[in-house]
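Residue numbers (my numbering), protein chains in the order written: chain A, 1 to 145; chain B, 146 to 664.
By construction, these hints were calculated from the structure, which means they are not laboratory data.
Hints should not be assumed to be uniformly reliable.
[Unchecked claim] Non-contacting residues of chain A with respect to chain B, defined by C-beta distances greater than 12 angstroms in every case (computed):
1) 44
2) 53
3) 83
4) 93
5) 98
6) 132
[Claimed, not checked] Straight-line alpha carbon distances no greater than 30 angstroms define the calculated DSSO-like cross-link-like pairs of lysine-lysine that follow:
7) B:235 <-> B:644
8) B:660 <-> A:58
9) A:104 <-> B:599
10) A:78 <-> A:68
11) B:397 <-> A:58
12) A:104 <-> B:660
13) B:327 <-> B:599
14) A:4 <-> A:78
15) B:397 <-> A:68
16) A:58 <-> B:405
17) A:58 <-> B:179
18) A:4 <-> B:661
19) A:58 <-> B:235
20) B:661 <-> A:104
21) B:338 <-> B:592
Yeah, the Cβ is synthetic: ideal placement off N, Cα and C, and Gly gets one too.
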Amino acid sequence: MTTKLVVGLDGHETGERALAYAQNLAGLIGDCEILVAYIIEWSPYSFQTAEENAVRHKRREEEISTAKERIINPAIKKLSDAGVKTEGIVRHGDVATALNDISKENNAQQIVVARSSAGGFTKRIFGSATSNLVMSASVPVTVVA
Amino acid sequence: MAMKKIQTILFSQVAAATVASTAYAQEVMTLDQKVNEVFATVTGPFVNLIFAPFPGTTFPWIVLWLVVAASIFTLYFGFVQFRFFGHAIKLVKGDYSDPNDAGEVSHFQALATALSGTVGLGNIAGVAVAVGIGGPGATFWMILAGLLGMASKFTECTLGVKYRNEYPDGTVSGGPMYYMSKGFDELGLPGGKILAIVFSIFCILGALGGGNMFQANQAHAQISGIVGDYPGWITGVVFAVIVFAVIVGGIKSIANVTEKVVPFMGVLYVGAALIILIVNYDKIGWAFGQIFEGAFTGLGIAGGFVGALIQGFKRAAFSNEAGVGSAAIAHSAVRTNEPITEGFVSLLEPLIDTVVICTMTALVITISGQLIMDPATGQFVLNEAGNAIATVGDNSGVALTSAAFGSSISWFPYVLAVAVVLFAFSTMISWSYYGLKAWTYLFGEGKMQELSFKTIFCIFIIIGAAASLGPVIDFSDAAIFAMAVVNIFALYFLMKLVKKELKSYSARLASGEIKKFKH
């Protein structure tokens with residue numbers, strides 16, 4: 001059976017480290033597929049103007065294609081060049097919840113993320129996406145420093 | 146033809162204001178008066194037509210028009226506002242939302258956007274006007290109108306989503322103009338297009354009136370109440386510049402701040418009202434007694450119980466806009482395959498707006514003792530003009546609400562002033578969009594068309610802030626109710642389409658075909 005790892009990217013150098021770690025792990029496991037995920041932070045309970053709502057569908061498509069182009073596709077290319085089986089996923093939602101959902105849907109064995117790049121005030125109040133994930137995930141989570 | 150005529154009126158008003166501003170620039174106080182005078186003269190005939198009473202009575206036909214419609218929709222859809230209330234809550238919570246649609250406009254967002262257009266001055270100033278003229282009894286009729294209005298909202302918002310335009314680039318446009326033209330075509334009825342055009346004209350006037358001038362006017366009243374009297378056009382210019390920056394300049398940051406702060410202000414307002422009610426809990430029973438007694442006797446107000454009823458119904462309609470058609474524009478951007486689900490969600494709007502928030506305001510005003518009552522007779526004392534209840538400090542509109550809150554929480558008028566300004570601002574932004582949709586429906590999509598409307602919109606902010614409350618509120622009401630005349634007329638023809646949706650949806654919900662995604 002193929003082992004599946006979910007890697008959460010954040011579009012920063014930190015995400016690259018998580019990816020590199022997962023790639024290394026995949027090499028050790030052998031029969032392994034890496035699901036590269038980028039979550040666009042979004043909440044169904046936010047407030048928007050009527051004008052924003054009217055163009056929302058269009059913006060969503062744009063957000064997804066930008067994420068694919070800039071973050072997911074380069075990662076996929078890097079992995080497939082190295083001969084690792086891979087799949088890219090872009091999704092809107094809460095980072096921790098979405099990564100956990102992806103791992104459940106795909107029966108993944110592990111989630112690999114980097115230590116959160118968010119800091120300061122927001123982190124103190126809401127906690128980081130990474131710590132939320134560690135607390136709520138239903139599979140083991142590896143946090144790359 | 147009609148369109149030309151309205152255009153002429155619009156432009157003559159703008160021209161008049163421009164002339165006024167050049168001629169009276171030196172004498173500031175006279176400028177406000179002049180604007181007021183010109184404005185009242187120009188809008189007078191329109192206002193008189195909309196508020197014409199039934200021959201031989203003082204009862205305006207438009208009030209009956211709204212209430213009868215809301216009652217008919219309530220009966221026709223078998224009290225949908227009560228039967229599907231629980232389902233509406235589940236929809237807003239996202240229980241039935243497909244996870245694959247994450248990132249699209251959710252039911253909650255569509256509702257929140259529509260609410261930010263309706264919750265505002267209607268709930269603060271409008272209620273004060275209703276209670277000031279119609280006495281506490283007006284509250285009873287306001288609540289009743291709110292409950293019935295839920296069915297009107299349900300009807301128009303279902304149609305709004307069902308007949309919206311979805312463009313190839315992924316943007317959507319919806320509203321009464323679209324369901325009028327497409328819905329009538331579908332039923333093989335003539336005249337849908339004409340109705341859509343007439344509605345659009347009134348929608349533009351409504352956007353400039355209730356969605357703009359009334360807001361600017363009351364925001365100025367609130368600010369000058371705190372910093373001292375100064376000419377209204379100054380507030381108008383400041384507001385116009387900021388609104389212009391947002392809607393024309395696309396300065397998202399201002400709109401973003403408002404979006405975050407306005408819900409917070411709403412919660413703060415309701416919270417403060419609750420605290421005042423809790424502190425005065427011993428008076429709540431008495432206040433409700435006043436509301437019920439006043440509803441049927443008037444308690445000495447001008448016009449008796451009919452006066453209370455007219456004021457209650459009028460202000461409820463102005464506040465929650467049920468049957469007006471504006472909500473159909475706001476709700477139409479939601480992502481759903483079932484248009485009726487947005488109808489269910491939208492029926493929460495009059496409930497939150499009128500039944501909850503307006504009632505809170507009315508209770509606070511009643512309890513505060515700002516309305517002067519003759520202790521010997523238990524009847525209210527009329528003011529000198531004899532057209533409203535005399536109040537402590539002779540306040541009316543938003544100043545009355547402010548004084549009522551201030552009598553319990555001394556610093557709250559300052560918070561309220563900020564809230565009023567922000568509410569006014571967010572309502573203006575919402576209505577600038579509704580007006581724009583109507584404008585582009587008439588004149589076509591395009592940068593020039595958009596810019597011309599947005600400029601006119603900003604000019605009206607200045608006129609609104611400079612004019613006095615009387616003519617502004619009359620015009621605002623008249624314009625918004627004129628939208629309801631056309632909209633409800635169309636809804637009578639289209640309601641059977643909604644009934645079909647309702648039947649099909651209820652059957653599928655009962656059979657389990659429509660499933661929850663969240664458990």
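30 angstroms limit on alpha-carbon distance, applied to hinted pair residue 104 of chain A and residue 660 of chain B: holds (21 angstroms)
May I ask you to check that residue 93 of chain A keeps its beta-carbon over 12 angstroms from the closest beta-carbon of chain B? violated (5 angstroms)
Quickly compare the C-alpha distance for residue 661 of chain B and residue 104 of chain A to 30 angstroms and report which way the hint goes. holds (19 angstroms)
Distance restraint between residue 327 of chain B and residue 599 of chain B, which requires alpha-carbon spacing of 30 angstroms or less: At roughly 27 angstroms apart (the allowed maximum being 30 angstroms), residue 599 of chain B and residue 327 of chain B satisfy the hint.
When you check the alpha-carbon spacing of residue 78 of chain A and residue 68 of chain A, does it fall within 30 angstroms? Between residue 78 of chain A and residue 68 of chain A the Cα gap is close to 14 angstroms, so the pair holds against 30 angstroms.
Holds or violated: residue 4 of chain A and residue 78 of chain A, Cα atoms, limit 30 angstroms. Distance ~17 angstroms between residue 4 of chain A and residue 78 of chain A Cα, so the pair holds.
Given the hint that residue 4 of chain A pairs with residue 661 of chain B, does the C-alpha gap stay at or below 30 angstroms? holds (29 angstroms)
Are the Cα positions of residue 58 of chain A and residue 405 of chain B separated by 30 angstroms at most? holds (23 angstroms)
Residue 58 of chain A and residue 235 of chain B: Cα distance at most 30 angstroms? holds (27 angstroms)
Run the C-beta distances from residue 53 of chain A to all of chain B and say if the shortest one exceeds 12 angstroms. violated (4 angstroms)
Given the hinted pair residue 660 of chain B and residue 58 of chain A, is their Cα-Cα distance within 30 angstroms? Holds, because 27 angstroms separates the two Cα atoms, which is no more than 30 angstroms.
Does residue 83 of chain A sit more than 12 angstroms from chain B, CB to CB? Consistent with the label, residue 83 of chain A stays out of reach of chain B, its closest Cβ about 31 angstroms off (over 12 angstroms).
Hint check: violations occur at hints 1, 2, 4, 5, 9, 17; the rest are consistent with the structure.
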